[in-house]
Amino acid sequence: MKVGLVGNQNSGKTTLFNYLTGMNAKIGNWPGVTIEKKTGMIKGTKHEITDLPGIYSLSPYSIEEDISRKFVFDEKPDVIINIVDATSLERSLYLTTQLMELDCKVIIALNMADLLEKKGIEINVQKLEERLGTKVFKISALKETGIDEIVKELDNKEDLIRAKIFDSKIEDAIARVSMDLSGLHKRFVAIKLLELDTRFADKNTKELDELRGELGKNYDTDLEEIIATERYAFIEDTKKECVKEKENVVTFSDKLDKVLLNKWIAFPVFVLIMFLVYYLSVGVVGSSTVDWVADNMDAFGGWVGTSLENAGASEWVNSLVVDGIIAGVGAVLGFIPQLIILFLCISLLETTGYMSRIALLFDKLFRKLGMSGKSLIPFIVGSGCSVPGIMGTRIIENQDEREMTSILVPFIPCSAKLPIISLFAGYFFGEHSGIASASLYFFAIIVIIISAFILSRTKFKHVSSSYISELPEYKVPSIKYVAKDVFDKVIAFIKRAGSIILICSIAIWFLLSFSFKMEYGVDIENSMLASIGKTISWVFYPMLGQNNWGATVSAIQGLVAKEQVVSSMAVIAGLAEDVEEGSQIFAEGTPFAGITVASAYAFMVFNLFSAPCFGAIGAMKRELGSTKKMLKAVLFQTACAWILATIVYQIGSRIENGTFNIANILVIGVIAIVIICICISKLKKKKDGCSNCPYCDNCK
Amino acid sequence: MVLSELKVGQKARIVRLNIQNKEIRRHLLDMGLTRGVEVKVKKIAPVGDPIDIELRDYELCISKSDLRQVEVEVVKS
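Sequences listed follow chains A and B, in order. If you count by the working numbering, then the first sequence holds residues 1 to 700, one letter each, in order. If you count by the working numbering, then the second sequence holds residues 701 to 777, one letter each, in order.
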């Protein structure tokens, strides 16, 4: 049997899905967490269940609604479980009235029943069943109560008669239209035809036009509005009959929003929260644990080396294990404590409901940049990993805004870039490493703002869309789910270290240990990797101030996974001769010895903005919809990275040498003023034009 | 009067949706912004836009530019 799980955004579908299937799909407290459908088997049965993205209606206007509609028509589910947020029944039942028009069994799960009493709401389930003509169950997906009854109900035959909800004129029209139809979901299609739904436009006929005109006359508006209004009228009636409510009280969320959305404190609080997230993960946990793990890794490597020697292993096996595998994989595993804190913070932001407030807070600002307030959510998720960040752009309705956000999300330092930042900042900036790494985040934000500003006025046509989003109440996050979420992400990171990073480390070791003549144990300067690196190292000359093959090949490996940059550097440094102290990457004698503070910062900047890893590139291709757009985006990112890194080095190295003089400052100043003037004039033009007008489609 | 002119705490009844963009109009209808429904302005974003309104027992944030096209009559509470 095929079962579909349908409900509003943020109604707890995925929580129910996870319980029913025993799976662990991602949940959160902001509208739009589930962006693709997921399928699993209900535990202890042979029923296949599909978790669909949250929708408010079966209209054709968003990707999510389209996915759900296709599911209903193409996959022909036998049963639909409609999960309804019992605490906001009125809005939730609107979707129910549409599902009731489908030719399949509908079961209603009144979720969050545990909160009803607290809110002073009483729902008469039996009456509701009679009114709607579907089975209704009170459940709590979070507390896992009442769900077994639904599973049992799946096999029962439906014995209730669906309610007719419209007034007689419209019901007559529906009956007339559906008589001429064939196939599935006749009533549903008939209503869509009356509404002049774009997806069924090909089935439109002259008679339908006449029918619509006739009906419209009676109501002084079009049928789309009449049908929506009547659905809600039916729901209001139903609610009056089945629900008893206490007067509204000021909720905890309202009180909290008084502070978090306060005119004066909202932004400082936001900055403080974000600062805390990164300070905790990069600053506090960062430096100390990374050193500790690195020391232990060294000791472990040494111990394994001696053991292998004693066991009589040949020199190259020893080198492969110690200098290749342990150095390479160990270099990235050291960052796990940082990642745990970062993932934990992001998970908390997602589950508490603060994410929706952030979108609200920044909508106006982001709109100026051609994005939506909702764009901020992908950016924050992207600071964990770009892939879910890029996929999360689907919550944005406008296509231009969506594409632009998915191109810019990789600019935010993701958790895999954290090792690069920590390594360089820690070595070159010593006690100021916290400030150095924080400065990169601010650098990223500024670059995103400037890029968005330019892109929205050149590449994308800057059609301002609207902001329509539910504001969920704050929730205390479930410790169980947060723990699971963090655990899963960390495991994924470790798995990557054990697979991709491991293979790359072995490959790098091989390319470093052999020359093109297949001689083992050559000086790494004569190795294959060095030869390859030297032919292309000129590309990085402007930002490193030297032809550095080691940095060159490492940066390119960032395509595989960003943490591979660190891993590669560790293997190269480990194999370099004359290295005195274990795996000190920047020690005298390694190819990285020539890196200065300026080139270190430039190298970080390059890795931060250049083409993301293959995973993120793939996600970008999916969201942008074509390989061509994806290639353009990657090119744009890499060009940005190269130019910015070069500027950083050219200015930085001059400051370092003390040759940075007034003439330099003047040149930069003039360029900056010109750019600012151009920006202001463009903005002004906009202000006089359309920005104050309500929508018309003329600007399109 | 239009919905964007209301102050925090004020209640109003929807008279007519004059929204040109078909997609946005449909979206707002789906979210329950139909004729005759009573709404209340709950919060306004710190920078003045979007506006959070309460209707049908939940809260919905909508851009000012859309609310400017929603005709309402104020309800005295």
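For the record, the hints were derived by calculation from the structure and aren't laboratory data. In this text, a Cβ means the ideal position worked out from N, Cα and C, and glycines have one as well. Hints are not guaranteed to be accurate.
[As the list claims (entries may be wrong)] Calculated lysine-lysine pairs in the DSS-like style (CA-CA distance at most 30 Å, straight line): (1) A:206 with A:164; (2) A:2 with A:119; (3) A:629 with B:722; (4) B:776 with A:239; (5) A:118 with B:722; (6) A:46 with A:157; (7) A:239 with A:169; (8) A:169 with A:138; (9) A:263 with B:740; (10) B:742 with A:244; (11) A:263 with A:364; (12) A:368 with B:722; (13) B:711 with A:118; (14) B:776 with A:255; (15) A:127 with B:776; (16) A:364 with B:740; (17) A:138 with A:480; (18) B:711 with A:244; (19) A:138 with A:246; (20) B:776 with A:138; (21) A:364 with B:742; (22) A:484 with A:38; (23) B:740 with A:475; (24) B:740 with A:244; (25) B:722 with A:246; (26) B:776 with A:119; (27) A:459 with A:621.
[Claimed, not checked] Reference excerpt, derived from the structure (chain B facing chain A, CB under 10 Å, subset only): (28) 735; (29) 748; (30) 752; (31) 766.
Right, here's what the structure says about each hint:
With a C-alpha separation of about 26 Å, the suggested pairing of residue 206 of chain A with residue 164 of chain A holds against the 30 Å cut-off. Annotation: proposed proximity of residue 2 of chain A to residue 119 of chain A is violated, straight-line Cα distance about 35 Å (limit 30 Å). Annotation: proposed proximity of residue 629 of chain A to residue 722 of chain B holds, straight-line Cα distance about 28 Å (limit 30 Å). The straight-line distance between the Cα atoms of residue 776 of chain B and residue 239 of chain A is roughly 24 Å, inside the 30 Å bound, and the hint therefore holds.
Using a Cα cut-off of 30 Å, the hinted pair residue 118 of chain A and residue 722 of chain B is violated, with the two alpha carbons roughly 39 Å apart. At roughly 17 Å between alpha-carbon atoms, residue 46 of chain A and residue 157 of chain A fall within 30 Å of each other, so this suggested pair holds. Distance check on the hinted pair: residue 239 of chain A and residue 169 of chain A sit about 24 Å apart at the alpha-carbon level, within 30 Å; holds. Simply put, residue 169 of chain A and residue 138 of chain A have alpha-carbon atoms about 35 Å apart, too far for the 30 Å limit, and the pair is violated.
Distance check on the hinted pair: residue 263 of chain A and residue 740 of chain B sit about 19 Å apart at the alpha-carbon level, within 30 Å; holds. For the given pair, residue 742 of chain B sits about 23 Å from residue 244 of chain A by alpha-carbon distance, which is consistent with the 30 Å threshold. Pair hint residue 263 of chain A plus residue 364 of chain A holds up; C-alpha atoms about 14 Å apart against a cutoff of 30 Å. A hinted pair counts as satisfied when its Cα atoms are at most 30 Å apart, and residue 368 of chain A with residue 722 of chain B qualifies at roughly 23 Å.
Under the criterion of a C-alpha separation no larger than 30 Å, the hint pairing residue 711 of chain B with residue 118 of chain A is consistent with the structure, at around 25 Å. A distance of roughly 24 Å separates the Cα atoms of residue 776 of chain B and residue 255 of chain A; the hinted pair therefore holds under the 30 Å criterion. Using a Cα cut-off of 30 Å, the hinted pair residue 127 of chain A and residue 776 of chain B is violated, with the two alpha carbons roughly 33 Å apart. This hinted pair checks out: residue 364 of chain A and residue 740 of chain B have alpha carbons roughly 22 Å apart, not beyond 30 Å.
Between the alpha carbons of residue 138 of chain A and residue 480 of chain A the distance comes to roughly 23 Å, so the proposed pair stays at or under 30 Å and holds. A C-alpha spacing of about 22 Å is found between residue 711 of chain B and residue 244 of chain A, which places the hinted pair at or below 30 Å, so the restraint holds. For a cut-off of 30 Å, the pair hint linking residue 138 of chain A to residue 246 of chain A stands: about 19 Å separates their Cα positions. A hinted pair counts as satisfied when its Cα atoms are at most 30 Å apart, and residue 776 of chain B with residue 138 of chain A does not qualify at roughly 36 Å.
In summary, the hint linking residue 364 of chain A to residue 742 of chain B is supported, as the alpha carbons are separated by about 18 Å, within the 30 Å threshold. Straight-line distance between C-alpha atoms of residue 484 of chain A and residue 38 of chain A comes to about 18 Å, which keeps the hinted pair within the 30 Å bound. Straight-line distance between C-alpha atoms of residue 740 of chain B and residue 475 of chain A comes to about 23 Å, which keeps the hinted pair within the 30 Å bound. A distance of roughly 21 Å separates the Cα atoms of residue 740 of chain B and residue 244 of chain A; the hinted pair therefore holds under the 30 Å criterion.
Of the supplied pair hints, the one linking residue 722 of chain B and residue 246 of chain A is violated, its CA atoms being roughly 37 Å apart against a limit of 30 Å. Distance check on the hinted pair: residue 776 of chain B and residue 119 of chain A sit about 25 Å apart at the alpha-carbon level, within 30 Å; holds. This hinted pair checks out: residue 459 of chain A and residue 621 of chain A have alpha carbons roughly 17 Å apart, not beyond 30 Å. Hint status for residue 735 of chain B relative to chain A: holds, with the closest Cβ pair at about 6 Å, below 10 Å.
For residue 748 of chain B, the interface hint holds, the least distance from its beta-carbon to any beta-carbon of chain A being 7 Å, beneath 10 Å. With 10 Å as the threshold, the beta carbon of residue 752 of chain B comes within range of chain A, its nearest partner Cβ sitting at about 5 Å, so the hint holds. For residue 766 of chain B, the shortest C-beta to C-beta distance to chain A is roughly 5 Å, which falls under 10 Å, so the interface hint holds.
Hint check: violations occur at hints 2, 5, 8, 15, 20, 25; the rest are consistent with the structure.
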